[in-house]
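Chains as they are written, first to last, in the UniProt record's numbering: chain A, 1 to 364; chain B, 1 to 523.
Worth flagging that the hints you see were computed from the coordinates, not collected in a lab. Check each hint, because a few of them may be wrong.
[Said to hold, decoys possible] Pairs of lysine-lysine residues, derived as DSS-like cross-links and limited to a Cα-Cα distance of at most 25 Å, are as follows:
no. : chain 1 : residue 1 : chain 2 : residue 2
1   : B       : K82       : B       : K147
2   : A       : K217      : B       : K365
3   : B       : K397      : A       : K217
Only a predicted model underlies this, so the values are computations on that prediction, with no experimental measurement involved.
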Amino acid sequence: MRLELVKRKERSASMAVMSPLVAVGLTALAAAIIFAISGVNPLVGLYEFFIDPLTERWSLEATIAKATPLILIGCGLAVCYLSNNWNIGAEGQFVVGALFGSALPVLFPSFENALTLPLMLIFGAVGGALWALIPAVLKTRFNTNEILTSLMLVYVASLLLDYLVRGPWRDPDGFNFPESRIFSDAATLPDVFGGLMSLATPITIVIAIVLAIVLAKTLKGFEIRVMGESPRAGSFAGFSAKKLTIFSFALAGALAGLAGTMEVSAALNQLLPSISPGYGFTAIIVAFLGRLNPIGIIIAGFVLALSYIGGEGVQSGLGVSNEIASVIQGLLLFFVLACDTLILYRVRLVTRKVSATTGEPSHV
Amino acid sequence: MAEAPEDKKAPGARQETGDLLDARGLTKRFGDILANDRVDLAIHKGEIHALLGENGAGKSTLVKMFYGSLEPDGGTILWQGKEVRIDNPAAARALGIGMVFQHFSLFEALTVVENIALALPNPGNMAELAKRIEAVSNDYGLPLNPKDFVADLPVGIRQRIEIVRCLLQEPQLIIMDEPTSVLTPQEADRLFLTLQRLASEGCAVLYISHRLEEVQRICHHATILRHGQVVRECDPTKETAGSLAQMMVGSEILGVGSHTKALSAGEPRLGLKGLSAPAGTPFATALNDINLDVRAGEVVAIAGVAGNGQGELFDALSGEMRVQPGMVVLDGEAAGARAINWRRKKNAAFVPEERLGHGAVPGLKLSQNVVLTRHATKDGLIEAGMVSLRKANDLEKRIKKHYDVRMSHDDPEARSLSGGNLQKFVMGRELDRKPGILVVNQPTWGVDAGAAALIRQGLIDLAREGSAVLVISQDLDEIFQISDRIAVISRGYLSAAEPAAQMTRERVGLLMAGGAETQGEAH
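One chain only, chain B, in its complex shape (with noise of 0.2 Å):
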């Protein structure tokens, strides 16, 4: 990178308290890429160290190195001075490194002093385990049961249930991996309390984020990774989101143009009438009394924090889960009780949550994977039975043009993209229909913030041009940025979508917190 070398080490408030972990020129090689090129960090003991950098910038790479799952190509890591090889997680855990992920591995059918007692090297006597668990969790604020078992417990507690994990074991650096992205705003208040506790007893906190703001808030150093490359150093707290954004990016990033203003109240063209649904599994959520109009012109987001129903309301939206038919209504069209092909044929489309497994196929080609959702549509890809490989070849180059979807190669299996490229792909794919009726399903999970400028401009885009769109997410800048109106799912009760500029973050945590569901009751 081009900045001088004195540019790198910004003069902060940093504690010089002696390094922890010191990596020296890490690198890492994946075929042709160059995941982590000569990557230089230095965490101190107890400081809150953010690991910035969009998607497929390297931070998981560099972060699974550090935790034993990777091997570096070069470079060396030490810590608390002593040159080490991590070769194992339980080579890490050994030193003190404990890990956070972003993707919960607890068993749903086992309670929570099980699922600890399996990540223990030696977890002894379950009882006293159970009693430790206690005492840890209720001493760091993160009050768990060990008797509860997995399955009943919303995430933010599994979330706690991962870190109690961690605290066992008496770690002294923790890596988090967007630990907030699955916490209501209180919740996320007291996990940044939790942090701060532990940093403040000499623990360091490697903190993985995309959000900007809790970067500020709580870090008291930032790493900023590009392309595989350390770019930047700052002390988050002299910087504002946008700059932060910026050297992320390394440009300005697109703002999401919304408020062309919404068109004023169009015909409804989504409706949720009454829709109810029995849980499908023990781990499912029932659907509750479900009211909801989404009209043309207009975008209307339903916050939540996660499994609380939305990818049950979801299928009911597809056609995968079928309703009673008055309980969706598409165009006028009660449809509770069609297909997911008939929803399509009446221009409704449809993005999931899970892109790899449900909105693609990861072995298929991506030109193929444009058929999965687009045979049963007007695109002609499919004649006297036989699919048009060439047509399905035309929309894939042309989905891949317009969404700037980026791939090693012509063509490639959908497994091999990356999530961010993967999502522009299957939100490219839909949108590149121009459907009347849109819903999806967390539009930018996992993406970084330039493709998510793309996509969110997209969605609005196509509400003004006077379709219904109706986003689920979990991510509340989002919703704020993008949505006319917003609801709050909570245990399958919805509340009342509200115009968006009526909405104060404190009242969507409040609604999240089982407001929703009182107010869904009510009526």
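This is chain A alone, in the form it adopts within the complex (with noise of 0.2 Å):
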């Protein structure tokens, strides 16, 4: 007996919707297996780590928080793994973008007025598109590996972020602390609804939307789908897979700059020597769950953010390392990508099998 891959004739939509369900199912019974072995009731644990954030205002409005910057991270990131670029130096995008966005309230802290914040949320998005045109200029003109140029760039960006918050951008009535001074409220991102989340999360939704629209009806959407699966197709189409690249890219970066603008802007108020709990990797997950569809993203943004505010949760709750988190969103996405699988194969159980030549049963 054994399990065999059948290659369905088209994608199966149900298979579409099922897989990240699928997926998030099988993650809580890893999860459960790990909270075991750390001698804490399995059920208690996926309570405390799933749930239990959900149950009241202030850590619903924490999610939501967390939330914000990997959807909007993860939206970009959809549009070049559609059109298969494999950028994954958004977490470098995030911080160049939150470094140019926070220039002007740290150069010149006495610039306070309505134009403050837009062009800080405009210096966020250009700063981070460049550093993104890093790797789609080296991919364009000299084929080299985006992955790897990308994910360099990642270290690069966080020595940049860490020398400027201990050097030359140090608060200079900051005691020593390697911190850049707090943002005048001009250059601060206003609350919404009173609470933890900014004006950040409501505008990613918006950006999130208008991208949704974009894929799904635009010629522009078409191309990008297109090339991602078929380059050749798409030239045939008269579409430019450079130029392409180079538009993912530019997209992607821009979004990872803005999120990390507005992460500084509202949630820190001030550059730190680190600035992401690793969102620009999270985000990567989070397009996948979310079938690098926009709408779809919103969705796993949540779900993963989640696991953010429920790693802390363990940890306070129950004792168990906070690391968890990180193990539960790399289970995540391993499940995710398996389960992608099923949505261009089914299983097939194979029993009653004999072997040609010997007549015997065959081990496979």
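Fit chain to chain and form the complex, with the hints in mind.
See the structure below:
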């Protein structure tokens, strides 16, 4: 007896919806096992991790606030992945975007007016896009592998941030702590609903919806899907692979940079040596869990944000290491990619096999 | 089927040497479709057995069950009188069944001997294997140099590698899928000698082909499949090509009414002037000083064995490869450096050889594949950057109806269509535009007889309405059936186009085998 994968004639529509749900289910199962190994009642562990953050208003708001950058970055990455451009460097684009966006309040703290915030957001997007264009240009000009170049630039960006906050951009009145000055009110993204969420959340939702329409309805969206699936057919349609590589990296970088600027402007209110708990990497999981569809990504972003809050919850409540959040995120990506196989293949159980040559049951 | 059983077993000059392979009631189902429905087939030792049928008749499914790559849902296979279950190709090879595929599975960057060693269960010492390859290949009249790199070899030689690979395992049955589709007439003749030699030694050959003429020439026995069922068995030498075709299709095939005479020499609409282009990759062919005019009202065919620059020529014509402006002329305008959509707006249309992955995107629905080539033309599919799904759907329905594209449900993904149906769709998508200039690479490759007739008629009709039609094809029957003038491509050189009435198969064969090259170099 063995399992066989049989190719379907067409993509299965029901499996496309089911696959992420199955993946979440399997992740919960694996998480339960890990909790059991750590000596915690698995049911209690799962409840603390996945359910408890949803039961209180503050933790729900904190989850949404954490989901916001994940969704925004994930949307940009989806465009890259749909068009077959493997941008793994959103973390770096997030950081450089935050640096560009912070340049104004850090270097010109007295520039305080209605233009401050819009300019910061624009700078942030431009900075992220420029950082993302480095691997894009290297790929189109020299045929380098964008996975490596975009990933390596993450470390360059992190060290650049570290250098600036400890060196030239350090707060002159900050008792030598490695942090920038606190942003003025004019440079701070206003809160909405009077709580932990800022204007970043509605901005992100609007961008995701616009992107969903662009991808589904416009010629540009068509181009992105065609190029991702079949570059040869794309060039037959008259689309340019190189231009699309530049476009998708620039877009993903701009959205990551915007997310970075909104994060420092709203949540942190200053630059610190580290400004991201790995949003740029987690957003890769968000993009795939959301089926590379902006609406799906909104939901997926929330699920992944839950894992950050849940991780803190089980650490304080049950004494399980916070690292369990990373483990569960990794498991989730693993299961999502595995379950995606089922969209184009179906599993068949093969029994009753007798080998041609020997007449013995075969062991394959 | 309605035929009486005694009608099935036509008496023939078939040797009664006992069954080598006897399939009884083989059934294979894919979803709702019965690809094979209780198929009975007996192959005798030492016979060349033809398996005939239209595309989608179930030929490939049947042989894949013999070769172990598919598992039957019902029925039994007897090998030399004993029931066997063939789990995988390795098991088939162990029994003594070899297969030569239509698409070769060779690594271009490896040598002949390395490729063969990869496929053998225990290749042993490479030097000894090379000696064996040389001995066997010379012995069967298919000489090979084991040290050659596959990338440097023409398709005909690559096929030899596949055949020799089979022969080294001393098979008792060789399955060949459309082996002559990539050969010149002369190369095919040589292959036939080898097959006859094998048969005389007692090896059976199961020969899948569309080419009825060669089936009549070399096959002892034929089994005809239609819609997954065996409809007839016969002795092909006692039939005519017409009667065989009729059995395959089940009705009279529409003759292609070609010679409503070409309008006498219209204006040149498509011109190639000294088209040269270097090879883009080590495995590509350079184009050398190609000159050709295609006039309004005529069909010009370019014959040639695969891999002689057809793909590169097509790319230069379509604009996927840019060349010097004056090298390609569309209706008097220099177009060599223009993009494909500029050319489409000038009312030119293109159909590439590879339908899935080049002519169509596998995972997109047909209506979206309509947008692929028609988003830049005057069909109004794009309004303010938005794709009009309604118009794309209307177009898809029209193409489906006019060109008889059959599908299991409405607007499926391109990958779910059979090769023939997808070809009808990609041809129909361009013919539907009534283009002034049409360039087609392999218009009926792998398409069944009925659909091929429909497509060929469409090409001729388009030309007679005043368009210039350029067909690149490997199928000489097709070329002689539809073209007004014929040119031959060989190693990136093109012979002068000559009126089809003055061309013979022999002359085309000589030009294919290098004559075009010397002629091309001369001017």
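Quick rundown of the hints versus the structure:
1. Our distance criterion of 25 Å between C-alpha atoms is broken by K82 of chain B and K147 of chain B, whose separation comes to about 41 Å.
2. For the hint linking K217 of chain A to K365 of chain B, the alpha-carbon distance of about 14 Å falls within 25 Å, and the restraint holds.
3. Proximity of K397 of chain B to K217 of chain A is assessed by CA-CA distance (about 20 Å); at most 25 Å being required, the pair is judged to hold.
Checked against the numbered hints listed earlier, the structure breaks hint 1 alone; every other hint is satisfied.
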